[in-house]
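Chains as they are written, first to last, in my numbering: chain G, 1 to 307; chain V, 308 to 565.
There may be inaccurate statements among the hints.
Chain V side only, calculated, beta carbon under 10 Å to chain G, not exhaustive [said to hold, decoys possible]:
#, residue
1, Asn372
2, Tyr383
3, Ala384
4, Val386
5, Ile394
6, Val444
7, Thr454
8, Ser455
9, Leu457
10, Thr458
Think of the hints as simulated: they come from the structure by calculation, not from any bench.
Just so you know, even glycine gets a beta-carbon here, dropped at the ideal spot from N, CA and C.
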Amino acid sequence: MAYLSEYQYYDNAGAAPSNANWGSYQYVSLTDIVNNFMLMYSGNHSLVNNEERYKVLFHTKRGIQELNYDAFKEVKALELKVFDNLVFTLPSDYVNWVRVSLYKDGYLRPLTENIQVNSAASYLQSATGTLSFNTDGTVQTTSSTLDTERVSGAQRSIYLNKNNGDNNSAVINADNPDGWRDYNIGARYGLNTETANFNPTFRINKKAGVINFDSTMANEQCVLEYISDGMESGNDSLVSVNKMFEEYLYAYVKYEILNNKFGVQEYIINRARKDKSSLLRNAKIRISDIHPGRLLMSLRGQNKWLK
Amino acid sequence: MTSFFFAYLCVKEVPMINSVRNTILAILNKNNYGYISPSDFNLFAKQAQLDIFDDYFYQYNQLINKENARLSGTGYADVAKGYEEVIDMFSVTKTLTQNLLNQYFLPSQNTTSDDYYLINRVLCFTGGLYQGEAEKVSNSKITLLNTSNLTAPSLIYPAYSLQGSFITIFPAQFNGATDIQAQYIRYPKAPNWTYINVANGEPAFNQSSADFQDFELSPDDETSLVFKILQYAGMSIREIQAAQFGAEQEVMEEQKEN
């Protein structure tokens, strides 16, 4: 792709949206990578020869996917309101989550993943426990009590949030003189820190593609930070990779092709593997964003007295 | 520049086909019985030209292997470059005729007015806008390719498979009458030594005839053409020595080049 003029960069040459090219110089497109590889690393006088372009395309995309999983620091964020059904549908390009937060009263509160299951399938059972089946042989299902009570707010939580049973049901009387101990007040010796969080909890049902919350999250704003695989929903023209990783991708594709080709000498494969590994290391260091200014900010607290 | 152009015209004024025929007749014409008719000569010339044309590709491949073994040089020693140039003389780019939706006919006398030796590139357009170069995918792989998320053909990376006399382009959005162009190597046109009959029945070369066609090969292949035609002609008139001479000379020529 040709370089952009400043008019194209800042104003998209008058076309809408005007910000389409902002920051684009950081990236190199999938088309460029495949073209450059076919031109520079493949041919009669190269190690890679007589390989179909679709193989190069495949390995390039796989390389970009792998980089998106851990090396890139490109976290996407999506804010949606959680309604009464307490479900947040995962984005179409979701691969894994980074953080789920509640946005309330101007604060972003990171949520804790519930260590207990909060949603389950359930089969329709008769009074004697027998199951019913559909005509196609599948078992008849129904909503589980776990789900129903979670949505209705009847489910109790082991976390220290509003659903915590101890907050509401503890009674101090002659039968239960130590009932005050159940309140979240004062020093709680033996507190389970794993569940010591006031915010709503969630659990991700990967197969169902949803995040299930407890009832305290109803009608609240949820922000999901997640990572994608960079495939841009199959639109090849939008797939790109940071320039820091360009050389690594060429090395990666070369290695993958040579490694899967019959009859390539082991020393050539080893050379390609080392090449790829070292370039990945370099690229990760380059993109790690270790700036002296940030270190300085952290180090300024080194003489702070601990109370 | 003018003098060069004039010189070029002069060279083109002397068709290679007449020179080759005269040489053949001179070699064969022992005791006035080694004559071959113009129609026979044209048949042999066509065969010889196809042989040499086909050999370009094998020679080119050998030279690439030599280059990889560091047995070939650059500059004037870059013989492969010469072969590339000769092959490129037969390179044409033409729009393929649409058969049905995303199916297009391969180049042929009926559709592009020339037969193809090999398809080098298939270029895809939509609405006159270049999108990408289609890659040939074997019929055993094309279904798998189409169903793969990562490698399914797209506007940027189209693919095609070849069946019979047509190609099918993927994705199917390429379905316009002028959406597909091919750059291919065509076969050389069949040479045709044309003549007019003079009074005693002796044919005289007539370059002005409408169906005249000179050899399309490079001038330095004239020797090879003579040797090859000599073999066919020698067999035709049962003059085994002529055929052997042609074969031996050809072998010597090849040894010299290698």
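Status of the hints after comparison with the structure:
A hinted interface residue such as Asn372/V counts as satisfied when its beta carbon comes closer than 10 Å to some beta carbon of chain G; here the least separation is about 9 Å, so the hint holds. The beta carbon of Tyr383/V comes no nearer than 19 Å to any beta carbon in chain G, farther than 10 Å, and the hint placing it at the interface is violated. Taking 10 Å as the C-beta cut-off, the interface hint given for Ala384/V is violated, the closest approach to chain G being about 15 Å. Contact between Val386/V and chain G, as hinted, is not supported at the beta carbon level, the nearest pair being about 14 Å apart and thus beyond 10 Å.
About 14 Å separates the beta-carbon of Ile394/V from the nearest beta-carbon of chain G, more than 10 Å, and the hint is not met. Interface restraint check: Val444/V against chain G, minimum CB-CB distance 7 Å, threshold 10 Å, status holds. Evaluation of the Thr454/V hint against chain G yields a violated restraint, the C-beta minimum of about 13 Å exceeding 10 Å. With its C-beta approaching chain G no nearer than about 8 Å, Ser455/V sits inside the 10 Å limit, and its interface hint holds.
Interface restraint check: Leu457/V against chain G, minimum CB-CB distance 5 Å, threshold 10 Å, status holds. This hint holds: Thr458/V has a C-beta 5 Å from the nearest C-beta of chain G, less than the 10 Å allowed.
Hint check: violations occur at hints 2, 3, 4, 5, 7; the rest are consistent with the structure.
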